[in-house]
Amino acid sequence: MDDYIEKLPGFVDTIKSIEETIITNIVLIGQIPAPTFKEKRRTSVFMERLAEFQVDECTTDGYRNPIGIIKGTSESKPPIFVVAHLDTIFGKDIDHYYSIQEKSITGTGIMDNSVGVGVLVSLPEIFRKLGLRFESDIVLAGVIQSLGRGNLRGIRHLLKTWATPIRGAVCIEGAELGRLNYYADGMIRCEVDCNISPVNGWEHKFKPNAILVLNEVINQIMKLRLPQKPRSRVIIGKTSGGFKHGMIAYDATLGFEIQSNSDKMVKSIFNSIKDIVEGTSHEYEVDLRLKTLSNIHAARLKFNHPLVKSSVAVMKKLNLTPVSGPSESELSIFLSRKIPAVTLGITRGENYHQQNASVEIEPISKGIAQIIGVIMAIDSGVCDEHQLD
Amino acid sequence: MNISWIKKNTFHYSEFSDLTQLVDEKQRKNLKISLCLPTLNEEKTIAKEILIMKSELMTRYPILDEIVVVDSGSTDNTRKIARGYGADVYKATEILPDLAKFKGKGENLWKALFVTQGDIIVYLDADIKNIHHRFAYGLLGPLILFDNIKYVKAFYDRPIAIGKSKIRPTGGGRVTELVIRPLFSLYFPELTQILQPLSGEYAGHREIFEKIPFPIGYGVETSMILDIYEKWGLDVFAQVDLDRRIHRNQDTRALGRMSFAILQTFIKRKIKLGLVDYKEKLYNEMIQYNLIKNEFKPDIYEIEGHERPPIIEIPEYREKFNRIS
Numbered sequence: 001m002d003d004y005i006e007k008l009p010g011f012v013d014t015i016k017s018i019e020e021t022i023i024t025n026i027v028l029i030g031q032i033p034a035p036t037f038k039e040k041r042r043t044s045v046f047m048e049r050l051a052e053f054q055v056d057e058c059t060t061d062g063y064r065n066p067i068g069i070i071k072g073t074s075e076s077k078p079p080i081f082v083v084a085h086l087d088t089i090f091g092k093d094i095d096h097y098y099s100i101q102e103k104s105i106t107g108t109g110i111m112d113n114s115v116g117v118g119v120l121v122s123l124p125e126i127f128r129k130l131g132l133r134f135e136s137d138i139v140l141a142g143v144i145q146s147l148g149r150g151n152l153r154g155i156r157h158l159l160k161t162w163a164t165p166i167r168g169a170v171c172i173e174g175a176e177l178g179r180l181n182y183y184a185d186g187m188i189r190c191e192v193d194c195n196i197s198p199v200n201g202w203e204h205k206f207k208p209n210a211i212l213v214l215n216e217v218i219n220q221i222m223k224l225r226l227p228q229k230p231r232s233r234v235i236i237g238k239t240s241g242g243f244k245h246g247m248i249a250y251d252a253t254l255g256f257e258i259q260s261n262s263d264k265m266v267k268s269i270f271n272s273i274k275d276i277v278e279g280t281s282h283e284y285e286v287d288l289r290l291k292t293l294s295n296i297h298a299a300r301l302k303f304n305h306p307l308v309k310s311s312v313a314v315m316k317k318l319n320l321t322p323v324s325g326p327s328e329s330e331l332s333i334f335l336s337r338k339i340p341a342v343t344l345g346i347t348r349g350e351n352y353h354q355q356n357a358s359v360e361i362e363p364i365s366k367g368i369a370q371i372i373g374v375i376m377a378i379d380s381g382v383c384d385e386h387q388l389d
Numbered sequence: 001m002n003i004s005w006i007k008k009n010t011f012h013y014s015e016f017s018d019l020t021q022l023v024d025e026k027q028r029k030n031l032k033i034s035l036c037l038p039t040l041n042e043e044k045t046i047a048k049e050i051l052i053m054k055s056e057l058m059t060r061y062p063i064l065d066e067i068v069v070v071d072s073g074s075t076d077n078t079r080k081i082a083r084g085y086g087a088d089v090y091k092a093t094e095i096l097p098d099l100a101k102f103k104g105k106g107e108n109l110w111k112a113l114f115v116t117q118g119d120i121i122v123y124l125d126a127d128i129k130n131i132h133h134r135f136a137y138g139l140l141g142p143l144i145l146f147d148n149i150k151y152v153k154a155f156y157d158r159p160i161a162i163g164k165s166k167i168r169p170t171g172g173g174r175v176t177e178l179v180i181r182p183l184f185s186l187y188f189p190e191l192t193q194i195l196q197p198l199s200g201e202y203a204g205h206r207e208i209f210e211k212i213p214f215p216i217g218y219g220v221e222t223s224m225i226l227d228i229y230e231k232w233g234l235d236v237f238a239q240v241d242l243d244r245r246i247h248r249n250q251d252t253r254a255l256g257r258m259s260f261a262i263l264q265t266f267i268k269r270k271i272k273l274g275l276v277d278y279k280e281k282l283y284n285e286m287i288q289y290n291l292i293k294n295e296f297k298p299d300i301y302e303i304e305g306h307e308r309p310p311i312i313e314i315p316e317y318r319e320k321f322n323r324i325s
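Residue numbers (the working numbering), protein chains in the order written: chain C, 1 to 389; chain Y, 1 to 325.
If we strip away everything but chain Y, and leave its shape as in the complex, we get (with noise of 0.2 Å):
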């Protein structure tokens, strides 16, 4: 296995604090930079994103060109928060309205690259407590200043709120560390040097995004590891240390599902792939177990892991984007 990619591509973010150098270069390769939120009721968190990165890398630092919420159909407040907060707003179904509909994350991140204009395209989930514009300009620094690298991957150490105001110091990752590093270590040992593959925080440049498909669901970010390794490689990619994340702590049964798409979406990709032959068919269902009045009843959680294709091959994405299939 070749471990020098972790030394060559490994990055803290405050290699990229020059916010001075990194606007210069960007005007000098004449890049557009968009950044994109995907959101599902997120309007404790969703003003205090947009306000500091327009602020720092907007009106101070002009790094970012846009800011684009793509919202899965929130019953709060999000969309209305967002827009007063100046972002761009869209419904995720009324974006390409004439195709399937589908809600999750994925079909977020997959659609905001029909709305956004960016050469560069910065992925931030809504609901990081400690935002700081570093998260978003130390994704970027990477992708500005090295010409090789065309897709950046977000490592924290992470504490989780626990409760309503206490926050432990360590955790997290638990799902990293139970699903997908075992699978990288049996699969692809290489891939173990991406240290939290599932963050949520990524940015890459839009001819690596257009060409790769987006699972809809939590798999998403561990399909885009696979195909964009199987595409181009572990040295288009670079990972960046942004210090902590605070996030909500999920209980083990969602934790559970999103093992449950995350080693579906992986099973399928071998498949694809040609990696492995299977022979018996995948259920598309995680059972899980409640007991009520001393009974165990299923909890059936349906996970279709639905994909969409690389949006290139959409016409309407060609026409607008001026590509050729």
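With the rest of the complex left out, here is chain C (with noise of 0.2 Å):
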């Protein structure tokens, strides 16, 4: 195992030399606009740049995930998986045109995850570069309906239709260099919907405004005691409604997520929730509806979980330090499935889901060392003997 840790630091240097085709990459593909459900442009481009790469297999699975596969030398070892997701939250008419400076690179969706999706791309050529072969197949995976009402579609469907079992996976974000997420918290992703009839009944003396039964809504919520342990969360994280500022809203809608490391206390918190605001609905005398857009169980690998170890000697032989947190994304799917897997993140930036989101391109290549690290822990069998609880 030591013997490819070593070589890390170096493998620096040869990514740097091959740096102008991984920023073409990420350029290429993350200047294509891909909002969840429309990334069919998006996967074209991504299709066509991993065939330019010369991978031994490219395809797309049922669910129109664009996939490559790098031929192992091994019949035997099961596939390694390296997946990015391609959607972004930008709708297709903001501009996506990336500008990039001396040290930065600049544009809409350029952190989340346009750079996670060209390096992706760029792993064959840089695997040619480093003269590395693999025994594993190492499985490329640009995944589709993945941020928001996508609900992790694109993994959850690749993952349940792969006929083979999977020795492990590296999940790839563009930031931050030195995330290593190796647990994901139980979520249920839910929105609130009001919608007051504009047309006047008996019931109401007074039309109710739809923001402010929400807002009865939230204040409720924020009353509930959450535990410390197990950890649990309910985060405001949306809302939207109404026409203009002089007239009552009729319509409004509220986006949160409840997370926590227990599945049970999701449910519990939910259940609440549920009733705030069923009660809500019925004392207002308005159509008050809770929608699940998503649910995922809280799954986790060990901190002492050999690959999680070695994700930290990775990390730690290319001078960075892990900083671990729950992460509610393609990891989850894989967890929850009991195949061993990590999210790494590849460069520093800043304004991470805004429009002028920045990268900067010095990192790029110690974070693409650390994917390549971790994927060498894989196929040396650091997953090979050790089962998710």
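Warning: the hint list may mix true and false statements.
Derived lysine to aspartate or glutamate pairs resembling EDC-like cross-links, with alpha carbons at most 20 Å apart [stated by the list, open to error]:
hint	chain 1	residue 1	chain 2	residue 2
1	C	LYS267	C	GLU191
2	Y	LYS80	C	GLU362
3	Y	LYS80	C	ASP56
To be clear, the hints were calculated from the coordinates, so they are not data collected in a lab.
Join the two chains into one complex using the hints; note that each chain is given alone, in its own frame.
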């Protein structure tokens, strides 16, 4: 194992020598808008670029997740998955054209997740440049429909329909370099819609305001007493509604997530919020509906799992300080299917989810070396004998 | 009017996407190819153009032999960034410094002929937001593969970037449709087959470029077409659909000045070719008006219409490239 660890610092310089090609991939793919459910064009460019770099197989699965496969030397070893989500939170009419400066790249979605996707597509060329062959097949998957209402459908489908066992997985995110996610919280993502009929009825003396009704829902959620153990929280993340400043709002929507490292607690908080919504609906005599958009189970690797320990060793060798937190992304789907996996970031940046998001170019090579180190760890067998709890 | 040209000499860039074939053919013909990017304050887009071209058409497929930036005196970081990303960078005033100094895109293109080495030169504007290597290989395809083609123009479906972050799906080409197309229809109907004569992206053989004059400013694209057409005929032209090009939108006043320069160039060419006998003086000022404190004030923009001679007439060039005038 120590063999490959020692090589990692040297990898950084070799990867830097093809930095132009890596950035080209980041830009050419990232500039194609890909809002969740509308990833078709980006999928095509992803496939074109993968084919350009001569992977052994290039195809889409039944759900249109684009996949490239680099054949391994062993017939018997299960494949290693490397994935990055293709979709973004930005609409297709938003300017996605990037600007490259001396030390940075700026533009819509660059951090989440153009850098991740561009690096994923560049891996065949990087492996070639480093002279790397693996025992396992390497499956490079750009997964669609991950974010928001996408509810990780792409990765769910890919893993559900993959016929053979999977040895381990690395999920790539553009930022931040140094992140090491190996556990996923249980999560329910919900929306509450409040609709008030614009027609006057006998039950309302004064027309209720949809925004104020949702405000009452928020107030009641805020009053819930959440335990510190199991660690739990409710994040109020989105609101929308109303027509104009001087008119009562007939429609409003509230988006939130319940997160906890206990599935039981997630369910319990969900039931409490359901009661709040039903009670408010009854008392205000308005149409208030609670919808579940996404549901993820809590799952984790232990810190002493060899994949986590190897990842920490890889990062330390590259002078990176691992920072861990829960991740409700592709990682959670791998872990819930008992497949050892980690999520790693490629570089540093700012304005994460804004149109002027920006990433530093210089750390990218180190971020990639780290990904390769973890792939090599999985290929050396660190995931082979340890089942998840 | 012979309209067979448009069928025969119009291509789509995807017809040339087999880059290995282009590399093989380039090597078989022992061609050198230069990419020239004329710049003036393009720090936002220049790095991306250089980086993508270098990665795809130099490192991965050795089609380009050099990337040269000729700058009109940018006051931002254009030259520093371009140099940092590996282009050969020149200030236009430092090339052939003994000649009178002019400032304009045409000047940069003309001077690029002196500093580049290529048998074929590709000119791309440096403000293309959606730059892709097809912009270069699409233009080079016909020049590398077909011996009769000597000059290739780009055409596009051209959306315009509006505001900071929105894109409108149609538009662009207003000067083409309102100025150039009517002029070509009146005087050179054959040339109307060139769909976007003002596109800033074109490529050609040095043997063509060195023998034609270059207006300093906006008129360079128009004059290039008229001169090549007059000397070698339409059959040496090809045009390639490069799909989409996202560019900065220019306001109507700027387009007015552009139209002035184009008309100026066009009329001068007509006089030079003896096609019209113009009795009256042509003025060189574009006059536009501003309403300032309830008063209309003229905004006068002088467009001299200077022109560089065919560079083959310059002794330093002849000496450097071993040419006889």
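- Violating hint indices (sorted, rising): 3
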